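One letter stands for each residue in the lines below.
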Amino acid sequence: MIKVLVVDDEQEICNFVRDFFKERGIEVITALNGEEALEMIKNEEELTVLLDIRMPKMGGMEALRRIKKEKPRFKVIMVTCIDDIEKMEEAKRCGAEAYLTKPLVLKELLKVVMNNVPGNDKSGK
Amino acid sequence: MKKDKKNKNNWKEIQNQLIKKCLDVKPHFTPSGRLKTTDKLNYREVIEKASRSMIRFKKPTRLIRMIVRIIAEQVRVLHTGVLLYREKNNSYVLIDSKGEEGKRLPIGYVRLPLDSPLITAFMEKKSFLIDSHGALLLEKITKTLNDADLLKKQMGMEHKIKRLKSEMDILRSEVCIPAYYKRKLLGILILGPKLSGEKYNDDEIGFFATLANDVAMAITNSQLITSLQSKVKEIGVLYEKERRLFIHTSIALAAAIDARDPYTHGHTSRVTHYSLKIADELKQAPEIMDYENFRETLHIASLLHDIGKIGVRDNILNKADALTGEEYIEVKKHADIGAAILSPIKELGGIIEIVRAHHERFDGTGYPGGLEADEIPFPSRIISVADVFDTVTTDRPYRKKIPDADAVKEIEKNSGTQFDPLVVQAFVDAYNRGKEFLNPTYSGY
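Here the protein sequences line up with chains A and B, keeping their order.
The opening residue of the first sequence carries number 618 in the working numbering; numbering runs sequentially from there.
The opening residue of the second sequence carries number 409 in the working numbering; numbering runs sequentially from there.
Source of the hints: derived by calculation from the structure; they are not laboratory data.
A quick note: this is a predicted structure, and the numbers were derived from the prediction, not measured.
Keep in mind that a hint or two might mislead.
Unchecked claim - No more than 20 Å apart at the CA atoms, straight line, and that leaves these computed lysine to aspartate or glutamate pairs for DMTMM-like:
id, chain 1, residue 1, chain 2, residue 2
1, B, Lys506, A, Glu627
2, A, Lys719, A, Glu629
3, A, Lys719, B, Glu509
4, A, Lys724, B, Glu700
5, B, Lys511, A, Glu679
6, B, Lys496, A, Asp701
7, A, Lys719, A, Glu656
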């Protein structure tokens, strides 16, 4: 069972991505910022995290570091609206499995998530 | 800026009026406050009128926003959205959407790359799945995939059709309508399923297809306007560059004259400064039609006014004693020589005559032409005052300078004879402003 945590400060995006994955048989939980996300992962065993970089109350980079520290098995996909190579490198160093730029191609989003399921090691970097 | 705002208001007003008009005809509301789609032509009328008036507006995104809103409300769809080609992303990006939250595509979140099945199908326009209006319907695609006979006929196409269906599924789209301008795919209107569960009919799709192409035209028009504006700006920058080159060349020439005449060091730049300061007092003068233009002409003319001195012999120009009659005749030639030197530069236009006339007197007793009053170019009359003021307020080998205040009095005394009274008045006004006038800081502004 694939489970995705969508972290984005825009409620609309959370709802959309939730419904989008639900329709494809993927369970989704959502959080509006890094703090909320860290709270939510506590009781999760295996998760694929879709993490927006720019958010109030703990941005994506900080959240990425903490998630990787607390749940090293989780797969994290960073999402941002700027094509920032430095940020991309930094995310990679911090252990992110993939990096998507908004506006994104939904098909790619689906593919990247499917390729990054914890325990299923054919990560799509 | 102001004009833009006005357009915005106008636009809002037109939009409100159109919608109000539409509502006035058949005010049927559902309990939720939404308008019932009782008369299909009504919303079309609103959209058509708006898009026609919209051609004139600069921002087609406003038109798109309104269309998307009206479709969502009047056609009552689960969601609808518009993808537009964006060069920055080299993709078709969702720029607007409306509908149920969670179902509609979030604005700015979604794009379709050029090689996506939907874009390819619309670009190629060859697929048998495209209907007579150019649209793609999920229904037709699904039907084809379920029809073994049909699929057989489309050998090898099954995979392609499946990908197309999967993309339309991903976009939750029931109908996709392309917008072309001159065969170029500019965007796509995405229509989700209707809330009523009804299918889209041919008539509706035809209407949306026409609408999409109207919008494409509005977009192209606005892009043309934008590119024209940037061209105009570019030309402006080039013009400014040329203008500065011209002024700096004039400054260099002026420096050459000053260098030859050590006694009058800085004379040209001071005369230029005074002339421009006098002109600043004459903004309202009837002689000046276009002030900026006039100032520019005066600027260059005053820089070049003494250029003819290049043609006067050194021993006369640098003479420490008063000049003899003959020598004076030589010096007077510099006005004509200056004009002759500049005459090959056709771009100087009237400036040449201004240079020639800077020693003319208002009463007609000056040189070289003996012109009087209005016959003397107005800039020459200004330079004439500035020139005399600087000459008498700086030391010359054959005489001492006089105090500024005395020079002003002298010039006032000659108002109407040597000088144009209008210019003298402006000169006095400028002088009375004090410091700024008397401390020439001219360095080629």
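> Going through the earlier hints one by one, which of them does the structure break, listed in rising order?
Replying inline: 4, 5 and 7
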